[in-house]
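Undergrad: Below, each chain spelled out in residue letters.
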Amino acid sequence: MEVNNLIDDTTQREIEFDAKIASGKTIEPKDWMPDRYRKQLLRMMSQHAHSEVIGMLPEGNWITRAPSLARKAILIAKVQDEAGHGLYIYSGAETLGMDRSEMNEMLMNGKAKYSSIFNYPTLTWADMGAIGWLVDGAAIVNQTVLAKCSYGPYARAMVRICKEENFHNKQGYQIMAYLMQGTKEQKEMAQDAMNRFWWPTLMMFGPSDKNSPNSGDLLKWKVKLNTNDDLRQRFIDRTIPQAEAIGLTIPDKDLKWNPETRHYEFGEIDWAEFNQVISGNGPCNKLRLKQRNDAHKNGEWVRAAADAYAKKKAVAA
Amino acid sequence: MSDSTKEWPIWEVFTQKKDGAAHEHAGSVHAPDAEMALLNARDVYGRRMEAINMWVVLSSAIVASTPEDMGPFFDPANDKLYRWPNSFKTPQGIKQV
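Just so you know, the sequences run in chain order C and R. Quick note on the numbering used here: the first sequence kicks off at 1 and runs consecutively. Quick note on the numbering used here: the second sequence kicks off at 1001 and runs consecutively.
I should point out that these hints are in silico values taken from the structure, not numbers from a laboratory. Where hints are given, some of them may not hold.
What the hints assert, rightly or not - Listed below are the simulated BS3-like cross-link pairs for lysine-lysine, each with C-alpha atoms no more than 25 Å apart in a straight line:
(1) K256(C) - K111(C)
(2) K1018(R) - K313(C)
(3) K113(C) - K1006(R)
(4) K297(C) - K39(C)
(5) K148(C) - K1017(R)
(6) K1006(R) - K163(C)
(7) K184(C) - K148(C)
(8) K297(C) - K1017(R)
(9) K170(C) - K25(C)
(10) K39(C) - K313(C)
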C-alpha cells in the first residue's frame, strides 16, 4: 500500500498548498485553500478595510477647520483616498466568499476590529500632520510588505494603495515641518501631536512577537512576510531622522542609536494601554462606532435614490 | 435599499491606461445599475488619471476556467512546438527569414 493512500484528501491538498506557497506562487480566489488560510485572510483583510473606513473619521473632523483652502482640498482628497482604500480591500476580501454588507454589519455592531490608532482623538490641526506622517508612515511600512503577500487580490490592492499612500505621508510631514518653522505656539502644537501619536503609532504594528497568537500560520502562508517587531523597528529607524530634521523630539527617554546593530533601541511599549484600546476602552471607541453607524444611516436616502433611479430607468428601457 | 443587509450586485472594473493599450482588470464595485457602476468605478479606480476608458461588467456574467482544469484545459497548446518560429531551423548563412 502506498503511503499516499494513508493520507486523506485534505491533508494531501494542504501539503500541495504549502508547497505552492513555499515556491512563491500566488493564490487566486478560485484556487483550493485551507479553511484556516481563508479565515485568517478574511479576518486580516476585513480589519484592514475597516481601518481605512474608520480612519476617515478622525481626519474628517478637521475638514471644515483646515487652516487654508489648499489644506482643505488636500485633506478632502486624502480622506477620499481612504474611502477608496477601504473599497479596494473590501473588493479583494469579497473574493474569499463574504459579502461586503456582512463585513460592514460586523463593523457597525462592534464585532469586527479595526486599527487601534483611530480610537484616539484629533485635538489640534497638528494631529493632521501627525496622522499623515506617522500613522500613514507606519501603514506604508506594513503595506509595502503586504503587496508581496501570497493572496493575489490582497497583494494587488496593496500595490494600488502604496502608490497613493506616499502623498498622505508627505502632506502630513509638510504640515509638521511648516508648524516647526512657525511661532512658539505652533511648534508646541506640533510637538504635542508628536507626543500623543508616537506611542499609539508604534502599537499599530500589533503585539510583540513573543505575544502574537496569529503570526505563526500567517508567516508560513506568506500572508505576513515580516514579524510585527521587525516592521516596527523598520518604521522607527526611518522615522527618527525625519523627526530630527524638523526639530521634533521623540517622547522616549530610552531611545538611542546602536551603532553595532545599526538600529535604534527604544523604550517599553505600554501594552496595557494597547489591550485596553483594542478591547473597546480607548478614548474614542464608542464615538467611532456611533459615527460609523450614523454615517450609514444618513446615507440611506442616497442608496434609496440610486435604487429608485435604476428601477425607473429599467422600466423606461 | 431599505434592507441594509441587501447588497447591490458586483461589477468588475476594467481600465484602459492609455491610448492603444488593452483594458486590464482593476477591481470591483457595487452598484444598482451599469451607469452607477461606471460612476463608482471612476471614483474608486480613476482618481489619478489611471484610466482614459473603463468597462464595467456584471461579475456574474463572467465565465472563467477553473484552476482544477488548468492542466487538461490548456493541454492542446502544449505539444505544438511548430507554432513558435524558433522551432524552425534556418539554413546557414541566412541572417533573417
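Undergrad: Next step is simple, just say for each hint if it's right about the structure.
TA: Structure-based check of each hint:
1. K256(C) - K111(C): Status violated; Cα separation ~40 Å.
2. K1018(R) - K313(C): Given that 25 Å is the threshold and the Cα spacing comes to 32 Å, the pair is violated.
3. K113(C) - K1006(R): holds (22 Å)
4. K297(C) - K39(C): violated (29 Å)
5. K148(C) - K1017(R): holds (23 Å)
6. K1006(R) - K163(C): Violated, at roughly 33 Å.
7. K184(C) - K148(C): violated (44 Å)
8. K297(C) - K1017(R): Outside the cut-off at roughly 36 Å; violated.
9. K170(C) - K25(C): Not satisfied, since the Cα-Cα distance of roughly 34 Å exceeds 25 Å.
10. K39(C) - K313(C): Since the Cα atoms of K39(C) and K313(C) sit roughly 40 Å apart, the hinted pair is violated (cutoff 25 Å).
Violation of the numbered hints given earlier is confined to hints 1, 2, 4, 6, 7, 8, 9, 10; the remaining hints are satisfied by the structure.
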